[in-house]
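Protein chains: 2
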Amino acid sequence: MTQDPYKVLEKRYHRIGAIKEAQAILHWDMAVMMPSGSAEGRAAQLAELDLVIHEILKDPEIEDLLTMAESEPPISRAQRSNLAEMRRMQIHANAIGADLVVALTEASSKCEMRWRQAKPANDFKLVSKELQNLLSLVQKKAEGKAESLRCRPYEALMDEYEPGLTIQEIDVLFDDLLAFLPKLLEKVLTKQQPAGLIVGPSGNFPIDRQRDLALTLMTRLGFNFELGRLDMSLHPFCGGVPEDIRITTRYSEESFVESLMGVLHETGHALYERNLPREWRLQPAGEARGMALHESQSLLVEMQLCRSTEFLEFISPLIKTTFDSRAEQLNTESLIAYYRKVEPGFIRVDADEVTYPFHVVLRYNIEKSLISGDLLVSDLPDAWNDAMRNLLDIVPPDDQRGCLQDIHWFSGSFGYFPTYTMGAVAAAQIYAAIQREYPDIREGVRTGDFSKITEWCCQKIHRQGSLESTSNILINATGEPLNARAFQRHIEARYLT
Amino acid sequence: MTQDPYKVLEKRYHRIGAIKEAQAILHWDMAVMMPSGSAEGRAAQLAELDLVIHEILKDPEIEDLLTMAESEPPISRAQRSNLAEMRRMQIHANAIGADLVVALTEASSKCEMRWRQAKPANDFKLVSKELQNLLSLVQKKAEGKAESLRCRPYEALMDEYEPGLTIQEIDVLFDDLLAFLPKLLEKVLTKQQPAGLIVGPSGNFPIDRQRDLALTLMTRLGFNFELGRLDMSLHPFCGGVPEDIRITTRYSEESFVESLMGVLHETGHALYERNLPREWRLQPAGEARGMALHESQSLLVEMQLCRSTEFLEFISPLIKTTFDSRAEQLNTESLIAYYRKVEPGFIRVDADEVTYPFHVVLRYNIEKSLISGDLLVSDLPDAWNDAMRNLLDIVPPDDQRGCLQDIHWFSGSFGYFPTYTMGAVAAAQIYAAIQREYPDIREGVRTGDFSKITEWCCQKIHRQGSLESTSNILINATGEPLNARAFQRHIEARYLT
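Note that the protein sequences, when read in sequence, are chains S and Y.
When we follow my numbering, the leftmost residue of the first sequence carries the number 400, and every step to the right adds one.
When we follow my numbering, the leftmost residue of the second sequence carries the number 400, and every step to the right adds one.
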């Protein structure tokens with residue numbers, strides 16, 4: 400008796416899903432728990448699991464099974480989506496040879512290590528050779544994958560983070576943004592000028608109380624601590640697996656504001672992972688759709704919800720109780736002033752939501768030119784500084800605050816940056832749709848009721864997993880494809896009224 | 400060009416080694432970090448990695464490679480040891496069919512779950528059916544493996560924990576112990592009687608200070624925190640991997656004595672794992688030899704070293720400083736009285752070193768009879784209580800404090816118990832050998848210098864990995880095979896002089 404090829408594939412990909420979950424926990428452990436001396440051993444463990452996954456995907460039987468299943472597609476639409484995701488994973492695994500995989504791993508590791516010296520030394524030349532070497536391998540990978548995926552090389556790289564994303568989509572979106580954002584920024588800066596220097600609440604904020612506050616708000620947002628954790632790490636992130644979501648933050652005794660907003664941001668990611676469709680657990684269709692929607696969920700929570708006036712009104716008394724203080728700095732008005740400060744700066748990760756897109760546009764243009772070969776690595780610092788001048792009218796005083804600031808390229812990650820701004824734009828579009836459906840939603844936020852927002856996202860975004868394209872999920876949820884209108888209205892409403 | 404079969408095997412087993420390390424970290428995480436709701440998912444991850452290892456070992460190519468390599472053995476003795484360990488792993492993996500593996504996993508899991516109800520309910524009947532079912536599968540496994548390993552079924556089970564161990568070896572050792580221990584115990588009890596009730600130091604011992612004390616002593620013993628951690632878990636254990644050793648303990652604010660000795664015990668395990676031969680990392684020969692030597696290392700540290708008068712003299716002032724107290728209970732004499740109290744009791748894990756072997760002998764006799772079929776599961780409670788009466792002259796008032804106390808059998812673990820007492824005996828033999836080589840070693844301990852002891856163990860035990868048999872390692876290290884003489888002298892010296 401011949402087995403249904405689709406069913407056989409489900410079993411094979413289920414194995415991959417379980418191994419990827421094991422890797423997710425090991426990655427979390429590496430960032431949060433692992434002692435410094437065992438980095439090499441951990442890398443070997445993770446590489447071995449990578450290899451096991453690759454072997455499953457490169458088994459010629461998988462190719463036969465996929466071809467058979469595709470010629471007689473399974474009946475349900477969801478299964479067909481799962482089958483398409485299976486194929487996508489298999490293409491990514493098979494598009495490049497084992498030699499190139501090994502060369503990329505080595506070159507990434509070397510370049511990243513060199514970057515860790517070059518950045519504090521503020522010396523781009525120290526890393527330029529390694530970056531050049533890595534870039535040429537990434538170009539090869541992009542070309543190999545582009546052929547299999549039938550897209551352009553840069554698109555093949557984006558496909559790793561945001562499946563199916565095209566250069567044209569990004570260009571349209573970014574052109575739209577640049578059509579209004581520079582003037583809008585100018586207006587915001589003019590409006591904020593009288594406020595002068597704004598500093599966040601400073602004082603002594605014990606870490607255990609900051610943690611209590613974080614746990615309280617995470618719980619309010621629907622984070623279930625029987626299925627997840629909050630820990631500390633140098634670089635905050637959301638890791639783990641859907642039934643064991645682990646977010647991290649870092650604390651400073653002097654200030655709670657960054658850590659608090661960071662926790663809320665990661666909670667948005669966590670809710671997405673947590674609510675992925677259970678019935679597709681460990682299957683490709685059960686994974687989060689892509690980084691654009693993922694970022695939309697963290698930014699929906701952080702930017703749309705938690706920096707809203709209503710939310711800050713809600714937490715101001717909570718903060719005062721937590722820290723047993725009545726300081727003026729903890730009033731809603733002070734929190735608003737702090738959390739809404741707009742200022743062009745050199746550093747992307749410190750940027751406010753108005754200037755952030757400029758940072759992304761810059762990186763998008765540059766990485767596209769690097770991949771196409773139009774820009775040489777040696778010309779990167781100048782290209783960066785020119786773009787900063789054009790976009791934000793400031794020039795980084797050094798490469799540390801310029802082209803050396805982000806780890807992405809130096810670790811081989813090209814094609815990721817656009818998803819940050821896609822996420823920000825999608826978040827605005829989603830929150831606008833939620834407000835259309837529940838016109839009184841913001842009154843709820845004022846009293847700490849977020850249930851309608853999270854439930855809406857759960858149903859319309861999270862539970863969709865990878866069963867639909869990003870575009871379809873957004874259209875089904877908000878009634879329109881990704882576009883900058885809601886984002887524009889959001890910025891205008893928040894910063895100019 | 401044909402590749403050297405041994406070299407090919409090394410590559411395959413290297414993969415297994417890396418995956419086993421990943422599992423070790425996931426196991427640690429499960430006990431220490433994992434939130435309660437994700438047990439099922441973690442079990443699936445671990446089972447998948449088990450399956451990957453099994454597939455590597457069951458690949459028919461491995462059989463061919465092993466046969467080729469064995470017919471033209473590699474030149475070095477160490478490589479031949481590694482090859483023998485490869486074969487042993489392959490035999491264990493192939494001796495029983497996939498159906499039986501699945502049935503065993505299910506039956507263990509069911510029986511253990513039922514035991515978790517039966518023990519608090521004090522109701523053996525609640526779990527007897529599940530135990531009977533599990534036992535018959537374990538018997539099948541034992542028979543299957545015995546055939547391949549050419550040994551007796553119970554020996555095949557012991558082989559999983561202590562390779563090559565025979566019933567005859569155990570019988571000789573346990574007969575030797577029983578020849579002197581009952582009378583010795585009587586004498587000790589008579590000598591200790593005037594002391595009356597001894598309770599450990601009680602009071603308020605803040606957990607962070609207990610942890611500081613533990614870290615200090617671990618560091619003194621050579622534990623390197625750049626390559627390991629100390630955490631908390633319900634059941635203390637030593638996990639992780641050689642470059643990332645993770646031990647756990649549990650604390651009570653009311654008393655520090657159990658936790659402290661527990662940490663020192665696990666530190667003994669940790670030093671063994673840490674010092675395994677680096678050049679055999681991820682190969683079978685690079686693993687710890689077996690549970691007997693493993694337990695010898697934890698008991699060398701805990702029983703031989705840390706309950707010695709010299710050590711307690713060394714830590715008494717340290718404890719006083721740590722807890723900022725001059726209480727009499729923290730004097731050396733009080734610590735000695737507490738840590739040397741001998742008393743027959745029902746519970747193995749609470750037993751002192753004089754009565755502990757009786758608990759092990761009891762379990763050894765019973766589990767051997769269960770596996771051979773001479774003892775029926777339904778007769779287990781009576782057999783247990785009879786044996787307790789014969790050995791320690793006490794009868795458990797209920798099965799909770801009798802045959803339900805240990806998890807081992809109910810989770811499918813048979814053949815493990817003897818290694819506890821082998822370890823205790825070996826520890827005495829090893830410490831005696833160290834003292835012969837360094838007659839002034841105990842003076843060093845008095846001042847907190849343990850370097851000669853740990854270095855001796857590192858060279859003669861830890862660095863041997865699985866390159867020699869347990870027996871050879873002990874003979875090379877101590878000049879004699881495992882025997883009870885040093886243990887007898889140790890007990891006499893500590894408790895009767």
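Just so you know, the hints here were simulated from the structure itself, not pulled from any lab data.
Treat the hints with caution; some may be incorrect.
Since the list gives no way to pick out one identical chain from another, each pair is judged satisfied if it fits inside one copy or across any two copies.
What the hints assert, rightly or not - Lysine-lysine pairs mimicking PhoX-like chemistry, simulated, CA-CA at most 25 Å apart: (1) K859 x K590; (2) K740 x K582; (3) K457 x K410; (4) K518 x K586; (5) K419 x K518; (6) K509 x K740; (7) K859 x K539; (8) K406 x K524; (9) K590 x K410; (10) K419 x K457.
Output the indices of the hints that this structure fails to meet, ascending.
1, 4, 5, 6, 7, 8 and 9
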